[in-house]
Each structure stands twice: as structure tokens, then as C-alpha cells.
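Asker: Chains as they are written, first to last, in our numbering: chain H, 176 to 519; chain X, 176 to 519.
Derived from the structure by calculation, the hints contain no laboratory data.
The model shown is predicted, which means the values in this text are computed figures rather than measured ones.
Worth double-checking, as some hints may not be accurate.
Which copy is meant is left open, so a pair is good if it fits within one copy or across any two.
Under the rule of at most 30 Å between Cα atoms (straight-line distance), these lysine-lysine pairs were calculated in the DSBU-like manner [claimed, not checked]:
{"id": "1", "residue 1": "500", "residue 2": "449"}
{"id": "2", "residue 1": "449", "residue 2": "436"}
{"id": "3", "residue 1": "508", "residue 2": "436"}
{"id": "4", "residue 1": "443", "residue 2": "500"}
{"id": "5", "residue 1": "500", "residue 2": "436"}
Protein chains: 2
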Amino acid sequence: MSEMMNEILDQPQALERTLRAERDHAEAFRDFARRRGFRLILLVARGTSDNAALFGRYLLEITTGIPVSLCAPSIHTVYHAHLNLREALVVGISQSGEGTDINRVLHATRRQGAYTVGITNERHSGMARAVHEVFLARAGRQRSVAATKTYTTQLLLLYLLASALGRQITPAGMSEIPGRAREALELSSEIDTLVERYRYMRQCIVVARGLNYANALELGLKLMETCYVVAERFSSADFLHGPIALVERDFPVLVFMPPGKTFNELRKLVERLKALRAETLVITSPDTRLPAATRTIHVPSAVPELYSPIPYIIPGQLFAAALAKVRGLDADKPRSLQIVTRTI
Amino acid sequence: MSEMMNEILDQPQALERTLRAERDHAEAFRDFARRRGFRLILLVARGTSDNAALFGRYLLEITTGIPVSLCAPSIHTVYHAHLNLREALVVGISQSGEGTDINRVLHATRRQGAYTVGITNERHSGMARAVHEVFLARAGRQRSVAATKTYTTQLLLLYLLASALGRQITPAGMSEIPGRAREALELSSEIDTLVERYRYMRQCIVVARGLNYANALELGLKLMETCYVVAERFSSADFLHGPIALVERDFPVLVFMPPGKTFNELRKLVERLKALRAETLVITSPDTRLPAATRTIHVPSAVPELYSPIPYIIPGQLFAAALAKVRGLDADKPRSLQIVTRTI
Numbered sequence: 176m177s178e179m180m181n182e183i184l185d186q187p188q189a190l191e192r193t194l195r196a197e198r199d200h201a202e203a204f205r206d207f208a209r210r211r212g213f214r215l216i217l218l219v220a221r222g223t224s225d226n227a228a229l230f231g232r233y234l235l236e237i238t239t240g241i242p243v244s245l246c247a248p249s250i251h252t253v254y255h256a257h258l259n260l261r262e263a264l265v266v267g268i269s270q271s272g273e274g275t276d277i278n279r280v281l282h283a284t285r286r287q288g289a290y291t292v293g294i295t296n297e298r299h300s301g302m303a304r305a306v307h308e309v310f311l312a313r314a315g316r317q318r319s320v321a322a323t324k325t326y327t328t329q330l331l332l333l334y335l336l337a338s339a340l341g342r343q344i345t346p347a348g349m350s351e352i353p354g355r356a357r358e359a360l361e362l363s364s365e366i367d368t369l370v371e372r373y374r375y376m377r378q379c380i381v382v383a384r385g386l387n388y389a390n391a392l393e394l395g396l397k398l399m400e401t402c403y404v405v406a407e408r409f410s411s412a413d414f415l416h417g418p419i420a421l422v423e424r425d426f427p428v429l430v431f432m433p434p435g436k437t438f439n440e441l442r443k444l445v446e447r448l449k450a451l452r453a454e455t456l457v458i459t460s461p462d463t464r465l466p467a468a469t470r471t472i473h474v475p476s477a478v479p480e481l482y483s484p485i486p487y488i489i490p491g492q493l494f495a496a497a498l499a500k501v502r503g504l505d506a507d508k509p510r511s512l513q514i515v516t517r518t519i
Numbered sequence: 176m177s178e179m180m181n182e183i184l185d186q187p188q189a190l191e192r193t194l195r196a197e198r199d200h201a202e203a204f205r206d207f208a209r210r211r212g213f214r215l216i217l218l219v220a221r222g223t224s225d226n227a228a229l230f231g232r233y234l235l236e237i238t239t240g241i242p243v244s245l246c247a248p249s250i251h252t253v254y255h256a257h258l259n260l261r262e263a264l265v266v267g268i269s270q271s272g273e274g275t276d277i278n279r280v281l282h283a284t285r286r287q288g289a290y291t292v293g294i295t296n297e298r299h300s301g302m303a304r305a306v307h308e309v310f311l312a313r314a315g316r317q318r319s320v321a322a323t324k325t326y327t328t329q330l331l332l333l334y335l336l337a338s339a340l341g342r343q344i345t346p347a348g349m350s351e352i353p354g355r356a357r358e359a360l361e362l363s364s365e366i367d368t369l370v371e372r373y374r375y376m377r378q379c380i381v382v383a384r385g386l387n388y389a390n391a392l393e394l395g396l397k398l399m400e401t402c403y404v405v406a407e408r409f410s411s412a413d414f415l416h417g418p419i420a421l422v423e424r425d426f427p428v429l430v431f432m433p434p435g436k437t438f439n440e441l442r443k444l445v446e447r448l449k450a451l452r453a454e455t456l457v458i459t460s461p462d463t464r465l466p467a468a469t470r471t472i473h474v475p476s477a478v479p480e481l482y483s484p485i486p487y488i489i490p491g492q493l494f495a496a497a498l499a500k501v502r503g504l505d506a507d508k509p510r511s512l513q514i515v516t517r518t519i
């Protein structure tokens, strides 16, 4: 079995460990944050961690009301801009904690007056030394180049941060996440069969909206890294503003579609894609029937939309790992890549 | 000639008209902004206008020091979050001024205490009615579905906004933009010849960094809309964090590479791509020699990096329009699209 598959299967335990270990920390951070009164949150990351940051952007704005900005690192590391960040919370996200550019941004923004937090899987990393405070993922050492368990534990730590900064995310809601991840893993053998259909897929589009938009970016990235599929990623609204022109007969479009506030819009999109005779593969809830979809993956448990991103990415991860396998590719060693990428 | 090509050629005049008409307005806005003391800028847009917003994000943070956030419209229109925006400047960008979601965000953020500005090409639009203040592009009516002259006039208005909110962007610097756009148009016949080589290109990657990153997104979007090329778009740093695994022999990568702070990093990328035997097409300055590049487009005049995005996108626009033509596609009528896209 690939390391990637091992790490996918390890997620329920990694999530449980992380939640148990950092729950009280988040509770303490709530009091500190209240006194400090943050007016802006800046999220800083690259690659898969940047997809986690995109999730954090939606989650934190929706549940805390604090405006969030996704950092463009070059503004700090290349252009050396000085921003007014005195009332800002800056959150760096990196599994290894050794992303040179991310750590430089953390140092620079700290000097500019921000309070800095690191979300990392490595206790003794450059990131851990750079920040005021670490929220530590307990995912265990990442051995696969393609990140999976570190992505979902980063999402979990962002839930914990949201629970400290607002009221909508609750301990009860978070406590169900590891179990839902475990249920999603039951899809493994079904997906092993399903991927045969996509053996020769060279390009595709992955679409979602809102809280699951980050999952579209993450699944697309996994397909690029491990299967060499040219995977475009769009929010459904952006997709309709231009790139839908790409879609012709048989063009594959993968859609994250949990019940909730984005569901109806995405259902209309799937119907429009059917009219264009495109192929759609939809990840949705157990009781959703979608006659317009070409193929459907039903996540086993009905999940409130707010808590859907972790269980919904798991079939995506399983899909990428299984597709790499049927193509005879080594998902653990994508060409041209290492685990720690150094850019500035 | 296509409407798209007409509109590309009309850009020097459109830029001149816009600069002349809005220069004093920007000067007046400077005093207002100083009194108001904005602590955050939120940019709100879709499609090509969202690419302009991405440029604005870099320009405004680098030259004003005010943190910038690119709005995720669904946070307001789908999730109905309430953000604390009392010290925020919200800037909506839309050529038609009729993007339903963008205008809803402007109404919502205005209610939440923000000062709202609209950058639009239409004086009597929903956007113009929604905002406190309009910065009006004088691009003339857009007839092509693929936006070109409205993109560059939006960039120009963002320069004017940056000149009002900071010190780095100067009237002298801006006054040279229309002339540089005119010079860039001289590349037209050279590009007509060059595109023959890409007649059968089905997919590609477009890369840039920093101030020109928005141009990578914009060229990729033009290639998707008008040529049906599956064009991935990355900042060079993000590209190295995973998607470079896609690149195999002959894979085409288009690179925006003005001299300046991002140049050396991009040169190393082009050399790495040569080692992977990929095809690179580089847009760069008149005196840059790049032996590692497969093909090079030299923008006629040497431009400081800060003012490069408008002259550098023009060869990209010419490339997309010419490629659509050699493919026998009607650039003015991409399948599945209208000029005004209504999403929420």
C-alpha cells in the first residue's frame, strides 16, 4: 500500500489526537483573543496548506465576523512592503513548518505589530520558533509527498481557532468530525472500482463553492501531483464567468455538493453540464438523488454543511490515490517534487 | 476584424481618456481618504474584473501599506455573514456594473459600515447606484464577450486609487502608460506569425509572480474563453509547490517576466523547465536575452516593474485573439457565455 493511502486511512486517529490535545488550548486562546480584539486575520501558506487557508478564510469570516485576508507572500518576501497590522492576527500554516517564505512572512508581520500563530505538524520547526503561539497538529510524521492527513488536521485546527474567535463552531460539532472521517473511509472499495472509468482522463475541472471550495482546489492539486491530470479548479460562480466555455461533450467535471446553502446553485450547474453532454462526478450526501449526474459518490453520513469539508475531501483523496494506482504511478514520489518546497 | 481585436487596438485611447477624466477625482479622493484613515481594503469582483482586483491587491498593499482582502462574494450573498468593516474601503470592480452578486456585496458591506467605491465602465449601472463614489472607466461600450480594454482601464483606475492612498504611484509614472500600451500593440504582426506554432495546443500553464500574477490569470482566462485551451494559472511559487509535476516533454508554459524583483526567480524556473524539456514562451523586456526560453516576445519599451502589467498583458491579449483566429473560432462569441454573467 502507498504511504499516501496509509496516511489517508490514518486520518480518524490523527483528527482525534489533534482535537484531544488542542481543545483546552483553544479554550484559553478565546480569553486572550477577547482581550486583544483582533480586527483582521491574515492567513499565510503555500500548496496544500494554502488550500487549508482558503477553507479557513470562509470558516473564520462566516463564523467570527472578523475580515480575513489570504496573504500573498511575495508582498513581504519580494517587495518588502510594510503593512499596518497592529490589530491583526496572522496565522501561518505549514505541515513541515519549514516553508522559507511563510516563516519570513511570520517574522516580518510580527515586527509590524501582528500577533502570530503557527499551525504546523512539527513541534521543533522554524515556524514554531517564529510565532508567538503554536497550534500543533498530531498527524504523525508525513512520509508521502502528497499531503492528506496534514490537510485535514489543519482544517480541524482552523475549526478550533474559529471556536475560540466566534460562537458558531461548538465542541459538540467538532467532536463528531473524527467519526465522520472514519465513515467516509468506508467508500474506499467503491472508489477503487469507480476510478477504472477515469483511467485515460487527461484533463478535468473540479468545482465547488463556499466552505467546500478549498476542497476543489485540494482535489485538483492531488490529481495534478499524483495522477498528472491537468485539473482546473473553480468556484461555481467563477466557472460560469468564463471557463465554462471549455466544456464540450464528455469533458469531466468533478463537483463537491453537500446539502446546504450552495446546493441548489450546484444542482443547476450539474443540470447545465448535462445539457452540454459533459461527464459529471458528484460527491454528495447519502440521500441526495441527482439524475443529471453521470456518477455519484455518496458520503455515508448526513453532515451539516458547516462540518462537511473534512468528510467530503476524503473520497477525493481516495479517488486520487486509487487513480494513481490504476495508472501505475507512485503517488508517494511525484516527479519533480520533494516534501518541503523552498521558495521565497 | 473581430470586436475583440478592435477593442485591443483601442486601448491606448481608452487609457488616455480614462486617465484624463479621473485624474482630478483621484486627487480629491486623497484628501478624503486621509481624513477617513482606512485600515483595510476589500476588493470585490468576478471574472476578468477579479483578475484586475488581484492586480489591485498587490499594487495597493505594496504602495499604500493598507492590508487588502480579495472578497469571497458567497460569504455575503450565500452565507450572509456580518463583518466588522467600520474602517474598511470596499472597492467593487465590474465593467458592466450589473454583476448581481458584486452589487449585493456592495450593498451589504455599506450597511456594515464600509465606505464603498465602484470601478465600472457604465455610468448608469446598478453598481454606480450602489456605491458612495464611482471611478468611471472611459473604455467605450464593450461589445466583445472577452474583456480586454475594460481590464486595462480597470488596472489604470487602480493605479489612480493607489496614487490617492499612497506615495509610490505618481502622475508622471501614470502618464506614460497609454504610450507604452501603444508601443506594445506594435507586436501584433509578429504575434500573428508566432501563434501558428500553437495551432494544436490543447493545454498549457501560464505563470507569473507578484504584480504580473494577475496577468497570468487574465491570459489563461482569455485562452480558455476564446481558444478553448485548458490553461492552468499559477504564481511561480505555487507552481513549484506541486503542479510542476504536470510538466513533461513539450508541455507549453507561458511566462510573464518583466525585469525587476521577480525576474531572477522566474529565470531559474525557465531554466528548470528547459531541463524538463518543456516548451516555454516568455514575455519580457526588449534587451533581455534568455537562451533557455523556447520562444520570446519582447515588449518594445523598457518599463519599470511597477508599471509593467498594462503593457505586458497586451501581447497576451494579441496572442489569444490571433490564436482564436488561426483556429477558426469566433473570439467575440465564446460558446456558453454572455457579456453579463448573473450569479449570486
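Asker: Please write out, lowest number first, the hints stated earlier that are contradicted by the structure.
Answerer: Of the numbered hints given earlier, those the structure breaks are 3, 4, 5, listed in rising order.
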